[in-house]
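Enquirer: With the hints as your guide, set chain B onto chain A.
Top line first, the protein sequences correspond to chains A and B.
Numbering that gives the first Met the number 0 puts the first residue of the first sequence at 0, with every later residue one more than the last.
Numbering that gives the first Met the number 0 puts the first residue of the second sequence at 0, with every later residue one more than the last.
To spell it out: a stretch of chain B is covered by chain A in this simulated footprint if at least three of its residues, at any positions, have a beta carbon under 8 Å from a beta carbon of chain A; those stretches are: (1) 28 to 37; (2) 149 to 158.
Now the in silico label distances, taken between C-beta atoms and shown as ranges: (3) 40/A <-> 26/B: 41 to 51 Å; (4) 135/A <-> 264/B: 34 to 44 Å; (5) 175/B <-> 40/A: 48 to 58 Å.
Treat the hints as calculated values from the structure; they're not laboratory data.
Quick reminder that beta carbons are idealized off the backbone N, C-alpha and C, glycines included.
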Amino acid sequence: MSISLSRPRALAFSLPAIIAILPFMGACFYIFRFSISAEKGVIDGYSIQAYIDLMTPFFGRSVWLTLKLAFVATVIAMMLAVPLAFLLTSLKSPLARRCLTVTILLPLILNLLVQAYGWILLLGPSGVLNSTLKALGIIERPIFLLFNETGVLLGLIQTSLPLAVFPIVSSVRGLSQEHLEAASSLGASHWRTFVDVTVPLLRPGLVGAASIVFAFNASAFAIPLLLGGRRVQMMGVAIRDMISPLFNWSGAAAAGMILITLTLIVLVFSSWLVRVTSEKVRG
Amino acid sequence: MRVGLLPTEGKSTYRFMVLFLATIGILISSLPVIVVTIMSFSGSDNTGFPPPELSLRWYWDVVAMFTQEDANSAQSVVDSTVTSLLVAFIVMVISTMVCIPLAYALARGDRRIREGMELLFTLPLVFPLVILGIAFLLIAESLRLDIGIWRIVIPHVALVLPFVLRNCIGAMNGISVETEEAAISLGASPLRAIWDVVIPLMRAGILAGLIFALIISFNEFTITFFMYTIDVSTLPIWMYSRTVSSLDPSTLALSVFIIVADIVLIVLVDKLIAGRANLF
Chain A
0 MSISLSRPRA
10 LAFSLPAIIA
20 ILPFMGACFY
30 IFRFSISAEK
40 GVIDGYSIQA
50 YIDLMTPFFG
60 RSVWLTLKLA
70 FVATVIAMML
80 AVPLAFLLTS
90 LKSPLARRCL
100 TVTILLPLIL
110 NLLVQAYGWI
120 LLLGPSGVLN
130 STLKALGIIE
140 RPIFLLFNET
150 GVLLGLIQTS
160 LPLAVFPIVS
170 SVRGLSQEHL
180 EAASSLGASH
190 WRTFVDVTVP
200 LLRPGLVGAA
210 SIVFAFNASA
220 FAIPLLLGGR
230 RVQMMGVAIR
240 DMISPLFNWS
250 GAAAAGMILI
260 TLTLIVLVFS
270 SWLVRVTSEK
280 VRG
Chain B
0 MRVGLLPTEG
10 KSTYRFMVLF
20 LATIGILISS
30 LPVIVVTIMS
40 FSGSDNTGFP
50 PPELSLRWYW
60 DVVAMFTQED
70 ANSAQSVVDS
80 TVTSLLVAFI
90 VMVISTMVCI
100 PLAYALARGD
110 RRIREGMELL
120 FTLPLVFPLV
130 ILGIAFLLIA
140 ESLRLDIGIW
150 RIVIPHVALV
160 LPFVLRNCIG
170 AMNGISVETE
180 EAAISLGASP
190 LRAIWDVVIP
200 LMRAGILAGL
210 IFALIISFNE
220 FTITFFMYTI
230 DVSTLPIWMY
240 SRTVSSLDPS
250 TLALSVFIIV
260 ADIVLIVLVD
270 KLIAGRANLF
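In isolation and in its complexed conformation, chain A is listed as follows (with noise of 0.2 Å):
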């Protein structure tokens, strides 16, 4: 005898959870018929319009900060990531490692405001790190980090660094001893087994958490309003003015679209680059 559920009782049992994701699909949905609306405040008609408004040099320079840093702080989040997925893994106590793991996996549950009241108390121009700087005698006048992109940088790469660790860790614990061990025995130093080694297992898992991360940093909208001020003008940011000052429904709701395919592209490129690697380190 087995336990074999039938049609009707996997469908009952799904159907709760179903019902629950359906406001996200609508929304969706919703976001995409706005974008093609010919009214700017109501959904009627259709017509490409709020797309073609949107070519102008202002959106443009927006995607392109947009893609520029959330690019620079997933290479950088990647960097430090590694290490610390590496960290995590050989400590042996268990204290250190749910330490650890606390440390990294807080700023991404933790509430954004109160990381960007850290950043600004940090990088403030009476903050901890220009004050430091100013007693030790390294600078005359303040520098400014805050409401420019080394803020929104650094708060990027602080809330998206957890995403990058926790997969990377996964795919650290399925590394296979042999290979690791073979290379050493073979007289190969740390380095050259990290790059012709350990790399090449990992990529599958850094490729897939690097585009997680960039997904992530991409549509970033707390940490642009926050950090950045009006000055740095990341899409999440760009469409809220939008709509807030402006009331220009659809053409947030196209910008938005812009928004998803671009992180969609990466996403889909990003695993298609997973399979091509996997199938010639296989073959």
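Expert: Relative to chain A, chain B alone:
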């Protein structure tokens, strides 16, 4: 001989670089939270560093904010906190109630359906929050329904589903069909076997999911930023409206309460799933 990714002996540049970059990562992760905590104990009125003296005055301010009526603010901190907790509680209950049966159906059902459903329920995780916020706002505005607190609950449920489902599926993976069959062969009905055998075994994963839903909803800012109204607003929105012009130290003291609560809950989740599943 075990070859670690982090060599334990010697002074190689490799080991130095790994530890150096990991330290920078830890600093970037933790410094903002540490600075907020230090500055909340400052005795001065501004947020200059270093604090000239240490005091607990801003903590007393927070206590006063919660205990005394504030006549000159439209939305009091007490109302926002109550709303935040109520939203987080409803989100927690709904998302877990719908994810337990789904996790069961996916674990025991068709493999292809399972992969599709897992993908569908991961989508809210990678979907840009700002667009989700705008989409929900557009729908709420065009339907013109007065649904009160539910205008925040519904988007939050969608947002936490990926986290809760992952934990529930992780819990189901460890439960063999044989346990259930044993209960049925002893005379239990299939539903009773689920209720009395499977669900108690899933307990750790379910609890982890519950806590995850609670903290994510309680800390959510972006979607709520679009959905709040004068009557329905959460604590993060209250903090934002208070600090939009300048940062005052009592908000930092309030932040420390939130930080401590979050850390306690994360440690609890980490203990519950204890290496059996991935955090997300």
